[in-house]
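Undergrad: For reference, the chains in residue letters:
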Amino acid sequence: MLFNSFSFGLFLPIVFIVYWVIGAKKIKFQNLFLLIASYFFYGLWDWRFLLLIVASSLVDYIAGIYIEKSKNRNYKKFYLLVSIFWNLGVLFIFKYFNFFIQEFSNLFNLNDTLNTFSTLNIILPVGLSFYTFQTMSYTLDVYKKNIAPTKNLLNFLCFVSFFPQLVAGPIERARNLLPQFTKERVFNLILIKDGLRLIIWGLFKKIVIADNAAIAVNDIFSHPSEQGSLSLLYASILFFFQIYCDFSGYSDIAIGTAKMFGFKLSKNFNIPYISRSVSEFWQRWHITLTKWFTDYVYIPIIKKYKRNYIFKTIGLFITMSLIGLWHGANWTFLFFGVFQAITISIERIPIKVGKRSLNLNYFLTKLPLALTIAYSFPLIMVSCIIFRSENMGMALTIISRIVSFIPSEPFNLIIGGRVLLIVLLVLLEIFTMTKNHPFEFLEKRFSKPVRWAIYYIFIFIIFRYAGPKEEFIYFQF
Amino acid sequence: MLDQKKNSSISSFKKEFLHFVKICSIFFIPVIITYAVLEYSVLQIPTSYKLTGEYLHNHAEEVEVIFLGSSQVKNSINPKFLEKKSINLSSTSQHHNTDFKILKQTRDRLINVKTVVLEISYGHFELPHNTKYFWKNNLFLKYYNVNTFDRSTYFKDQFIYLSRPGFFSSQLIQYYFKDSKTYNINEFGFDENNFDGKFKKHNYNDEKLLKTNVKIERKAYLNLFEYNVNYFYKMIEFCKNEGFEIVITSPPIYKSYNELRNPDILRRRDSIVNIISEKYDGIHFFNSENDPEIKTRHFRNENHLNPDGAEFYSKKMSDFLNSID
Numbered sequence: 186m187l188f189n190s191f192s193f194g195l196f197l198p199i200v201f202i203v204y205w206v207i208g209a210k211k212i213k214f215q216n217l218f219l220l221i222a223s224y225f226f227y228g229l230w231d232w233r234f235l236l237l238i239v240a241s242s243l244v245d246y247i248a249g250i251y252i253e254k255s256k257n258r259n260y261k262k263f264y265l266l267v268s269i270f271w272n273l274g275v276l277f278i279f280k281y282f283n284f285f286i287q288e289f290s291n292l293f294n295l296n297d298t299l300n301t302f303s304t305l306n307i308i309l310p311v312g313l314s315f316y317t318f319q320t321m322s323y324t325l326d327v328y329k330k331n332i333a334p335t336k337n338l339l340n341f342l343c344f345v346s347f348f349p350q351l352v353a354g355p356i357e358r359a360r361n362l363l364p365q366f367t368k369e370r371v372f373n374l375i376l377i378k379d380g381l382r383l384i385i386w387g388l389f390k391k392i393v394i395a396d397n398a399a400i401a402v403n404d405i406f407s408h409p410s411e412q413g414s415l416s417l418l419y420a421s422i423l424f425f426f427q428i429y430c431d432f433s434g435y436s437d438i439a440i441g442t443a444k445m446f447g448f449k450l451s452k453n454f455n456i457p458y459i460s461r462s463v464s465e466f467w468q469r470w471h472i473t474l475t476k477w478f479t480d481y482v483y484i485p486i487i488k489k490y491k492r493n494y495i496f497k498t499i500g501l502f503i504t505m506s507l508i509g510l511w512h513g514a515n516w517t518f519l520f521f522g523v524f525q526a527i528t529i530s531i532e533r534i535p536i537k538v539g540k541r542s543l544n545l546n547y548f549l550t551k552l553p554l555a556l557t558i559a560y561s562f563p564l565i566m567v568s569c570i571i572f573r574s575e576n577m578g579m580a581l582t583i584i585s586r587i588v589s590f591i592p593s594e595p596f597n598l599i600i601g602g603r604v605l606l607i608v609l610l611v612l613l614e615i616f617t618m619t620k621n622h623p624f625e626f627l628e629k630r631f632s633k634p635v636r637w638a639i640y641y642i643f644i645f646i647i648f649r650y651a652g653p654k655e656e657f658i659y660f661q662f
Numbered sequence: 039m040l041d042q043k044k045n046s047s048i049s050s051f052k053k054e055f056l057h058f059v060k061i062c063s064i065f066f067i068p069v070i071i072t073y074a075v076l077e078y079s080v081l082q083i084p085t086s087y088k089l090t091g092e093y094l095h096n097h098a099e100e101v102e103v104i105f106l107g108s109s110q111v112k113n114s115i116n117p118k119f120l121e122k123k124s125i126n127l128s129s130t131s132q133h134h135n136t137d138f139k140i141l142k143q144t145r146d147r148l149i150n151v152k153t154v155v156l157e158i159s160y161g162h163f164e165l166p167h168n169t170k171y172f173w174k175n176n177l178f179l180k181y182y183n184v185n186t187f188d189r190s191t192y193f194k195d196q197f198i199y200l201s202r203p204g205f206f207s208s209q210l211i212q213y214y215f216k217d218s219k220t221y222n223i224n225e226f227g228f229d230e231n232n233f234d235g236k237f238k239k240h241n242y243n244d245e246k247l248l249k250t251n252v253k254i255e256r257k258a259y260l261n262l263f264e265y266n267v268n269y270f271y272k273m274i275e276f277c278k279n280e281g282f283e284i285v286i287t288s289p290p291i292y293k294s295y296n297e298l299r300n301p302d303i304l305r306r307r308d309s310i311v312n313i314i315s316e317k318y319d320g321i322h323f324f325n326s327e328n329d330p331e332i333k334t335r336h337f338r339n340e341n342h343l344n345p346d347g348a349e350f351y352s353k354k355m356s357d358f359l360n361s362i363d
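Protein sequence lines correspond, in order, to chains D and C.
If you read the first sequence in this note's numbering, its first letter stands for residue 186, the second for the next number, and so on.
If you read the second sequence in this note's numbering, its first letter stands for residue 39, the second for the next number, and so on.
Incorrect hints may have been included.
[Unchecked claim] Just a sample of chain D residues kept apart from chain C, beta carbon distances all over 10 Å, derived:
no., residue
1, 228
2, 491
3, 619
[Stated by the list, open to error] Derived SDA-like pairs: lysine to any residue, alpha-carbon spacing no greater than 20 Å straight-line:
no., chain 1, residue 1, chain 2, residue 2
4, C, 123, C, 152
5, C, 174, D, 190
6, C, 174, D, 191
7, D, 210, C, 49
8, C, 249, D, 330
9, C, 53, D, 376
10, D, 210, C, 152
11, C, 60, D, 371
12, D, 210, D, 376
13, D, 330, D, 267
14, C, 174, D, 400
15, C, 253, D, 594
16, C, 53, D, 515
17, C, 53, D, 208
18, D, 210, C, 354
19, D, 256, D, 266
20, C, 152, C, 354
21, C, 249, D, 596
22, C, 194, D, 191
23, C, 60, D, 634
24, D, 210, C, 58
FYI, nobody ran anything at the bench for these hints, they're computed from the structure.
The structure presented is a predicted model; accordingly, all values stated were derived computationally and were not measured.
For every residue, glycine included, the Cβ atom is placed at its ideal position computed from N, Cα and C.
Construct all of the structure, not just a fragment, from the sequences and the given hints.
TA: Here's what the structure looks like:
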């Protein structure tokens with residue numbers, strides 16, 4: 186079920202009403218109902234993959250309990266490894282197996298390898314990378330004694346499958362989300378209204394901006410070698426806004442929906458296009474994924490050598506490459522990660538100024554924002570091109586054509602005046618940057634009729650300028 | 039004391055909950071009413087789908103020939119000029135999988151059909167089939183009573199405006215506020231005013247037209263080829279089992295488009311055409327891609343005919359269909 190579908194428009198109010206009619210005092214029943222609703226929500230894609238979610242949940246639930254129970258450190262480690270092997274194994278089989286077989290065959294030019302080690306004819310379960318990372322963080326945290334394992338299976342199943350964030354995050358930590366299933370939920374009108382506003386804002390981003398941008402992006406990037414510089418540059422910028430609005434729109438709807446049920450999810454985006462550097466970009470883009478990799482990959486690697494630039498850089502390259510590969514089994518994703526690592530490591534090169542050791546990031550914070558965006562945005566564009574390309578050849582073609590100043594005749598916006606809606610988005614987000622989302626700004630400034638008029642205008646825009654229905658890009662990850 | 043506290047908290051929750059439901063209703067009722075008006079207004083527009091659906095409903099038993107395919111067939115066949123009673127069930131971006139579903143699900147209504155015309159244009163075997171999210175699925179269900187969703191349907195699937203709000207908003211503005219006269223769709227669902235396009239803009243001047251950019255898919259998608267070909271064979275088998283005459287067509291295209299085609303895609307397509315002609319008896323081919331009788335003034339753009347071109351081509355098709363009896 187897609188958030189931008191009619192089915193979700195029916196599903197949400199029904200689940201909302203039943204959930205609150207059950208009553209905040211009956212937490213068990215509320216949780217049971219949430220679990221059924223979440224499984225139904227997921228099962229509409231493919232009910233067979235529900236078994237995978239249940240299996241993953243059970244493995245990590247049991248592993249968590251046994252990690253705590255075991256007195257012997259080796260046993261603890263063993264149960265942790267069982268959990269990690271299970272999660273990474275599932276990910277590998279469904280997401281990376283075919284890629285490795287294919288690449289192995291290409292590398293050694295073994296034409297008959299595909300017959301010896303046949304590839305698997307399987308589809309990638311929606312949201313697999315999101316929920317496996319969420320459950321894996323649970324056992325890791327239990328092992329590190331950051332949290333105590335839950336004994337309540339129902340709560341744990343809810344934590345893994347909570348429908349607002351099940352298929353595309355935010356990737357929640359157990360210490361943030363799990364306790365919320367044990368607490369009594371309060372019917373808070375202010376939060377619920379804010380959730381609804383966030384849903385409208387997320388739908389605007391997804392249906393109006395992302396889906397319209399997709400028209401031009403798909404058109405131009407389908408034949409990059411026939412396009413001029415301006416067209417390719419235009420498509421690259423639009424692709425940034427497409428993927429940003431697609432994914433952050435999803436996150437907004439997820440956070441808004443969770444609010445309506447009395448849950449607080451983590452913020453996943455924070456106006457990434459105003460980043461001063463690539464380092465800062467990753468603190469504003471897919472924040473929960475960045476934090477996950479920082480805590481469970483980067484910090485453990487550099488733990489002993491926090492002050493050593495070389496070690497930090499090695500850690501950075503490993504982490505960013507894995508972040509790249511997390512997005513999918515393709516060389517472009519790996520290069521995407523490596524490119525991030527290269528730019529961030531350059532930004533971190535220590536520069537001695539007197540007795541102080543500074544770096545480029547420091548100087549960037551001292552410059553006017555517009556200047557720093559002129560530095561960071563082109564780098565983000567290059568990343569977007571690598572990310573969007575089917576292979577590295579295509580990425581290089583696009584980049585080389587952009588910098589060759591090949592005329593785009595005739596240059597065509599393709600989506601016409603709808604490009605202005607992106608300008609509207611940017612202005613609204615920047616103008617209300619201190620708020621969680623632009624509609625939050627309205628609450629204290631405008632009377633109810635004005636606020637409602639604005640909501641109606643946005644609903645009108647969503648219908649009037651809806652792009653062709655596209656699946657959320659991040660579902661495929 | 040505890041009970042009293044509990045009761046008061048429950049009643050305050052109830053009060054807040056009911057207040058919220060009331061506010062939501064007040065907020066969303068105008069949205070729902072507006073939507074109902076939009077849906078109703080869209081249903082009044084005499085679109086090609088609507089009129090084709092009405093024709094299907096009223097003349098099902100008389101139809102002898104069905105045309106299926108993409109916009110190239112849609113724009114090149116005006117059933118008005120065919121001697122045999124025909125229905126054109128093709129549409130823009132419609133691929134073989136949708137064709138097949140339409141064919142199978144209209145079979146029990148189109149009981150006197152003798153000939154099915156299928157399209158294999160240049161890129162057909164290397165373009166992805168329509169997905170279950172194809173927005174026209176709603177139109178096919180509403181107007182043709184054909185389920186192309188690959189699942190059971192429910193009331194929402196009948197909503198036309200919701201299938202593509204942006205597109206239908208523009209249609210509404212065009213029809214009700216700009217110029218409803220531009221709609222000149224005949225009883226067969228063919229738009230007889232559909233001249234506007236690149237060729238008209240350049241006054242059908244070859245010299246100018248040959249200098250313009252041509253939009254053509256040149257990228258090969260070999261991963262799709264095998265699946266699409268096998269799917270097409272299934273369609274042929276079905277038609278054979280039903281006792282239909284099969285005509286495979288490829289409508290006219292302009293020379294600049296012809297020249298830009300990827301020779302590998304073309305070669306693969308032609309090899310399948312050869313295989314089909316060897317494998318199955320009695321299949322007729324009507325390939326007009328290089329038809330010298332089709333002139334520049336017959337085109338709307340490089341790969342679509344205008345209504346004049348459609349008239350010319352439909353008459354030729356009619357003669358061809360008569361000749362295979």
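Undergrad: Are all beta-carbon distances from residue 228 (chain D) to chain C longer than 10 Å?
TA: Correct as stated: the minimum Cβ-Cβ distance to chain C is 13 Å, above 10 Å.
Undergrad: With a cut-off of 20 Å on the C-alpha distance, tell me whether residue 256 (chain D) and residue 266 (chain D) pass.
TA: Holds, at about 16 Å.
Undergrad: Would you check the hint for residue 210 (chain D) and residue 58 (chain C), treating anything up to 20 Å between C-alpha atoms as holding?
TA: holds, 19 Å
Undergrad: Take the C-alpha atoms of residue 174 (chain C) and residue 400 (chain D), compute the straight-line distance between them, and say whether it is at most 20 Å.
TA: Holds. Residue 174 (chain C) to residue 400 (chain D) sits at ~17 Å (cutoff 20 Å).
Undergrad: Within a Cα-Cα threshold of 20 Å, do residue 210 (chain D) and residue 152 (chain C) meet the stated pairing?
TA: violated, 68 Å
Undergrad: Measure nothing beyond the straight line between the CA atoms of residue 152 (chain C) and residue 354 (chain C); if it is 20 Å or shorter, mark the hint as holding.
TA: holds, 19 Å
Undergrad: Taking 20 Å as the top limit, are the C-alpha atoms of residue 249 (chain C) and residue 330 (chain D) close enough?
TA: Violated - the C-alpha atoms of residue 330 (chain D) and residue 249 (chain C) are around 70 Å apart, more than 20 Å.
Undergrad: Verify the proposed pairing of residue 330 (chain D) with residue 267 (chain D), using a straight-line Cα cut of 20 Å.
TA: Distance of about 17 Å is within 20 Å: holds.
Undergrad: Taking the minimum C-beta separation from residue 491 (chain D) to chain C, is that value above 10 Å?
TA: Answer for residue 491 (chain D): holds, closest chain C Cβ roughly 47 Å.
Undergrad: For the pair supplied as a hint, residue 210 (chain D) and residue 354 (chain C), is the alpha-carbon distance within the 20 Å limit?
TA: violated, 76 Å
Undergrad: Is the Cα-Cα distance between residue 60 (chain C) and residue 634 (chain D) 20 Å or less?
TA: Distance of about 16 Å is within 20 Å: holds.
Undergrad: Between residue 210 (chain D) and residue 376 (chain D), does the CA-CA distance stay at or below 20 Å?
TA: holds, 18 Å
The earlier numbered hints that this structure contradicts are 8, 10, 16 and 18.
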